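Trainee: Here is how the chains run, residue by residue.
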Amino acid sequence: MSYQAPMRKAISEILETMFFLSVDFEDRVPEGRLGLCEARIPVRLESGELSIAMSMVEDFARLAAANFLGVDDDRVDDGEVADVVREMANMLGGGFIENSGDSPARLGIPTFSRTHGEMEPDGGEIPFAFMGDFAGVVSWKLMPISGSQT
Amino acid sequence: MPYNVMIVDDSRSMRQVIRKILGASGFKVGDCLEAGNGREALDLLESHWVDLILSDIHMPEMDGFGLLRALKENEEWRDTPVVLITTESNEDRIQEALSLGAKGYIRKPFRAESIRLHLNQILGIEEGYELPGTDEESDF
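Protein chains in written order, with this note's numbering: chain H, 1 to 150; chain Z, 1001 to 1140.
A portion of the hints provided could be inaccurate.
Chain H is nowhere near these chain Z residues, computed Cβ spacing over 12 Å in every case [said to hold, decoys possible]:
#1 R1012
#2 V1017
#3 L1042
#4 D1051
#5 D1056
#6 V1083
If you only want the chain H side, here are some residues facing chain Z, beta carbon under 10 Å, derived [unchecked claim]:
#7 E16
#8 G79
#9 I97
#10 E98
For the record, the hints were derived by calculation from the structure and aren't laboratory data.
From a predicted model like this one, the values you see are computed outputs, not experimental measurements.
Note that CB positions come from ideal geometry on N, CA and C, so glycine has one too.
Pulled out of the complex, with its shape left as it was, chain H reads as follows (with noise of 0.2 Å):
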């Protein structure tokens, strides 16, 4: 099964309806990028688990933090961005399992970091951008289910 389409989908309808962003979407990530924010949220699906990062450059995750709750970025502090970042995670697991009609399937809970945005390899990844610029990447790697998971 293809994630692609339902991802694109969900990205355009998260940041566009809740972080009133529109994103152009990009063939791939630009070399040498630093300081993602990021936020993971794990899918179960009956094909096995799907891992789904939204990982963004600080500026945008700040400026879609400061959207979303309505106030100039300068005053969102990094906590702000983290919880902020996480809720946009959550709402693009449940966004693409909508988009998918892969109805059986379960959201985790989403878990925040700041990473350097590696790929996971044989992954699949959708890099987007704000006004020209690189502005994140969405990427999933589905894998077999272990342990448990509420």
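Starting from the structure of chain H, add chain Z where the hints point.
Mentor: Only chain Z this time, still in chain H's reference frame:
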């Protein structure tokens, strides 16, 4: 009549946004309580009366299902209307929540207007009633 509302979501930012939407929608909100999960919500209910609960489903410690079950088992709280605001899109899970007593659900991402419309229905505010300060074109 002002409504006492409780917002239950593990995201502090989401609670803040929902609180803003309630304010901007023109609802007369009395106390607006916030809880980070179902357990915290139940603790608050021990000492506060609320007219409406807006709750997420996916939360650590006690999720929305746990909260609905606990409310249903309590004589004093079982009639408190609960509207779920959630990323859940699994129809079986939504039906399960409704069977546990949820009065409705709103999927995230949402527009502010959808919250207003749901609350109109749940709280029995006359349909078509124009709430003061509501701008259908603006989201927040």
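Trainee: Against each hint, give a clear statement of whether it holds in the structure.
Mentor: Here is how each hint holds up against the structure:
1. With 12 Å as the threshold on Cβ separation, the claim that R1012 of chain Z sits away from chain H is violated: the shortest Cβ distance comes to roughly 6 Å.
2. At roughly 6 Å, the least C-beta separation between V1017 of chain Z and chain H is not larger than 12 Å, which violates its mark as non-interface.
3. With a cut of 12 Å on Cβ distances, L1042 of chain Z stays outside the contact zone with chain H, its closest approach being about 18 Å.
4. Under the 12 Å C-beta cut-off, the non-interface status given to D1051 of chain Z relative to chain H holds; the minimum distance is some 25 Å.
5. The claim that D1056 of chain Z lies off the interface is violated: its Cβ sits roughly 9 Å from the closest Cβ of chain H, which falls inside the 12 Å cut-off.
6. Every beta carbon of chain H lies more than 12 Å from that of V1083 of chain Z, the smallest distance being close to 17 Å; the non-interface claim holds.
7. Interface hint status for E16 of chain H: upheld, as the beta-carbon distance to the closest one in chain Z is roughly 8 Å, under 10 Å.
8. A cut of 10 Å between beta carbons decides the hint on G79 of chain H: the least distance to chain Z is about 8 Å, and the hint holds.
9. The interface hint given for I97 of chain H holds, since its Cβ lies 5 Å from the closest Cβ of chain Z, which is under the 10 Å cut-off.
10. Taking 10 Å as the C-beta cut-off, the interface hint given for E98 of chain H holds, the closest approach to chain Z being about 4 Å.
Consistency with the previously given hints fails for numbers 1, 2, 5, ordered from lowest to highest.
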